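Residues per chain are reported as follows:
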Amino acid sequence: MGISFWEDPYPVYKNFQKRSGVFWDDMLEVWVITGRDAVHTVLRSPEVSSDWLRLNAGESAARDFPALERMLRGWFMLMDPPGHTRLRRTVQSFFARTRVESLAGEFQDVVAAQLERIRPLDAVDLAEDFSAPVAGGVLARVLGVPVDVVSAAAAHMGTIAGFLALPHKKEFAAQAADAVGRLDGLYRALAPELSPDSALFPLVGDDPAAPDDSFLHTAHLLSFAGQETTAGLIATGLLHLLREPALYKEVSAGQAAPEAVVEELLRFDTPVPQVPRVALADLTVEGHTIRAGDRMLVLLAAANRDWRNSADADVLDFARNQRHVAFGVGVHYCLGAPTARGAARTAISEWTAAFPAARLAPETVRWAVGTGYRKLESAVVRLA
Amino acid sequence: MDNSLDAVIETYAKVVGTSEIRAESDFFEIGGHSLLVMEVIALLRSEYGMTVPARQFLTDARAEAVAAACVTVESE
Chain L
1 MGISFWEDPY PVYKNFQKRS GVFWDDMLEV WVITGRDAVH TVLRSPEVSS
51 DWLRLNAGES AARDFPALER MLRGWFMLMD PPGHTRLRRT VQSFFARTRV
101 ESLAGEFQDV VAAQLERIRP LDAVDLAEDF SAPVAGGVLA RVLGVPVDVV
151 SAAAAHMGTI AGFLALPHKK EFAAQAADAV GRLDGLYRAL APELSPDSAL
201 FPLVGDDPAA PDDSFLHTAH LLSFAGQETT AGLIATGLLH LLREPALYKE
251 VSAGQAAPEA VVEELLRFDT PVPQVPRVAL ADLTVEGHTI RAGDRMLVLL
301 AAANRDWRNS ADADVLDFAR NQRHVAFGVG VHYCLGAPTA RGAARTAISE
351 WTAAFPAARL APETVRWAVG TGYRKLESAV VRLA
Chain F
385 MDNSLDAVIE TYAKVVGTSE IRAESDFFEI GGHSLLVMEV IALLRSEYGM
435 TVPARQFLTD ARAEAVAAAC VTVESE
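These protein sequence lines are chains L and F, in that order.
If you count the first sequence from 1, position 244 lands on 244 in my numbering, and the numbers rise without skipping.
Each number in my numbering comes from the position in the second sequence (counting from 1) with 384 added on.
One should not assume that every hint holds.
[Stated by the list, open to error] Stretch by stretch, here's where chain L covers chain F in the computed footprint (C-beta under 8 Å, at least three residues): (1) 400 to 413; (2) 417 to 430; (3) 446 to 453.
[Unchecked claim] No farther apart than 20 Å at their CA atoms in a straight line, the calculated lysine to any residue pairs in the SDA-like style are these: (4) F:398 x L:3; (5) L:14 x F:423; (6) L:170 x F:415; (7) L:18 x L:47; (8) L:170 x F:442; (9) L:170 x F:446.
[Claimed, not checked] Across the chosen pairs, the derived CB separations fall in these ranges: (10) F:444 x L:102: 51 to 61 Å; (11) L:193 x F:398: 27 to 37 Å; (12) F:435 x L:260: 48 to 58 Å.
Derived by calculation from the structure, the hints in this document are not laboratory data.
Only a predicted model underlies this, so the values are computations on that prediction, with no experimental measurement involved.
Where a beta carbon is used, it is the ideal one built from N, C-alpha and C, also for glycine.
All chains should be modelled from the sequences, with the hints used to inform the complete structure.
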């Protein structure tokens, strides 16, 4: 059978982009945006909204699950200014580049500890044995939250992501609602013990025994947006390097700047391939009139391959130095970008240096299905 | 009815890249992505001369449901 979309979505994206950077999909009833310029125009446009309720007015099965809907309404990722601005600002300083860079030593410790654990083994799973624990450890440091809480929360993210990818499916909404209940339990239990240094501390409110909704919702959002994405970047990044032995060797020998490697990996295989939006007013994008109320699917991953303007978009090239949109554009630009970059640079350079002779077992590579972000389910690597 | 079910199952297999497809298999649950629905519709038309409304996939994306909603192109 052919390569599935989940293993390699890029041929499908390429077909879309070939037709047009902006086109209307009859089934989804959305505008599919794949051109780089169109992505910039749409994501920067004040007429374009991230509002969850507006996005799913007709069809969301979350209607039947009030706790799920309440959480999603509380996610600043799904809000517009000024609500978005206010809420994001409460945690922004914890994610700022200078603050995250000051945690570089702690990121090194997280990676080093995980490498120590796996070093004695013959073979490990890239996803389960390295990228997931590293992403969890890094997120825990940035949030100021115990790592076991972050890890427990991570277990529920797939369910929520599955629902967000297909919000009309009642079974997915039910599972996501269940996940929200468990996440609430986790973070309610944490609130009284939360460190005053934690990014979430300002949101708890007056009574830690009954923390404010914004504490719970923001905790879930930051776990959701921070864990799987970072783990995905590290795992898929290492996978692509392992598939290109010459490149792997270069990185392992310290001959490629980790910053350049990570930027090119973000472009080449974008961890969050698509983001949804809805138009609040008519706007024109590359000659197409998008009407108020129309929904859009912005394919960041397709824009990053930019087939229309580069002959070698499908080639991994650390010297490319091309700006990408993996972290989005505009007011919702990824809050976790410095964290993701720091984690991936450290994880990839330390792993490749530790295991210069590592070999992928290609028959073990499995991709998650239906998640809405790039998730390597498993990939076994022989370490020496 | 049998023909449309076979056609849908084969098309699902081709588009999703898996072979374990039954009448009850839901396109999205077997690994279909919503961006691929238009491809399914295009293949059903070009390979089997059948058409199905895109909305069907939002209502019920199981192979047997989509097959039941298929009409041959001449009788549109």
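Right, here's what the structure says about each hint:
Counting residues of the region 400 to 413 of chain F whose beta-carbon sits less than 8 Å from any beta-carbon of chain L gives 6, enough to reach three: the coverage restraint holds. Residues of the region 417 to 430 of chain F lying with their CB closer than 8 Å to a CB of chain L number 8, which satisfies the three-residue condition for coverage. Look at the region 446 to 453 of chain F against chain L: 0 of its residues bring a Cβ nearer than 8 Å to a Cβ of that chain, fewer than three, so the hint is violated. Distance check on the hinted pair: residue 398 (chain F) and residue 3 (chain L) sit about 10 Å apart at the alpha-carbon level, within 20 Å; holds.
Under the criterion of a C-alpha separation no larger than 20 Å, the hint pairing residue 14 (chain L) with residue 423 (chain F) is consistent with the structure, at around 13 Å. Restraint check for residue 170 (chain L) and residue 415 (chain F): satisfied, since their Cα atoms lie roughly 17 Å apart, inside the 20 Å limit. Between residue 18 (chain L) and residue 47 (chain L) the alpha-carbon distance is near 26 Å, which puts this suggested pair outside the 20 Å criterion. A hinted pair counts as satisfied when its Cα atoms are at most 20 Å apart, and residue 170 (chain L) with residue 442 (chain F) qualifies at roughly 11 Å.
This hinted pair checks out: residue 170 (chain L) and residue 446 (chain F) have alpha carbons roughly 14 Å apart, not beyond 20 Å. A beta carbon spacing of about 53 Å between residue 444 (chain F) and residue 102 (chain L) agrees with the range 51 to 61 Å that was offered as a hint. The hinted range of 27 to 37 Å is not satisfied by residue 193 (chain L) and residue 398 (chain F), whose Cβ atoms lie roughly 53 Å apart. At roughly 49 Å, the beta-carbon separation of residue 435 (chain F) and residue 260 (chain L) lies within the given 48 to 58 Å, and the hint holds.
Going down the numbered hints, you'll see the structure goes against 3, 7 and 11, while the others check out.
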